[in-house]
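Take any residue in the sequence shown, note its place counting from 1, add 1303, and you have its number in this note's numbering.
It is possible that part of the hints are untrue.
Below are the DSBU-like pairs computed for lysine-lysine, each with C-alpha atoms no more than 30 Å apart in a straight line [claimed, not checked]: (1) LYS1305 - LYS1329; (2) LYS1305 - LYS1395; (3) LYS1308 - LYS1329.
FYI, nobody ran anything at the bench for these hints, they're computed from the structure. Quick caveat: nothing in here was measured; it's all calculated off a predicted structure.
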Amino acid sequence: MKDKKIVLFPGFRHVVPADFESWLEKMASAGWHIDRITQWSSFVMVFRRGAPKKYRFVYDLQAAPRKDYRAIYQEFGWEYLGRMASVFIWRKEYRDARLEAFSDQESILQRNRRTLIAVSIAFYMFLLAALILGLSFFTRTLAPGELFQAVLALALFLAVAAYLGRVMLKIGRKREY
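Using the sequences and the hints, build the whole thing.
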């Protein structure tokens, strides 16, 4: 039996904060544990086999956290696992009822709003890049080799924008979780 499991692109498959938390909790309850989160964890995560545990995970996007941000979580017994860009990941073991990570519904809505804003900014940047690149086709200043590269870039920008648009819809539908 393997003692290590590598999961590719978890941050892209579980894009809604509550879904990402739930997925990590299911992994832990199946005995797969993550020791730390790094900048690259949205692309690859390494889990180690252990005893099944009940963990409550928290996905908290904080672009500019307060100085005491980490200390406050740790004061309440949360274990800091690391961060992916501006997303902090926390966990806390529990026995009976699943812990609440946020004190009220408004806190959950704010967390999801921050995430939606970040994704929206990236969406509009890729959409704008695709628009500018698309307009360059009308200038007729591209050589044949450049035209091929521009078409590939345009297709990539549009694909990423479409994916981000889908993510925005998913987050919007689940903003209360």
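Inset, instruction - State the violated hints by number, sorted upward, taking the hints as numbered earlier in the document. - result: Violated: none.
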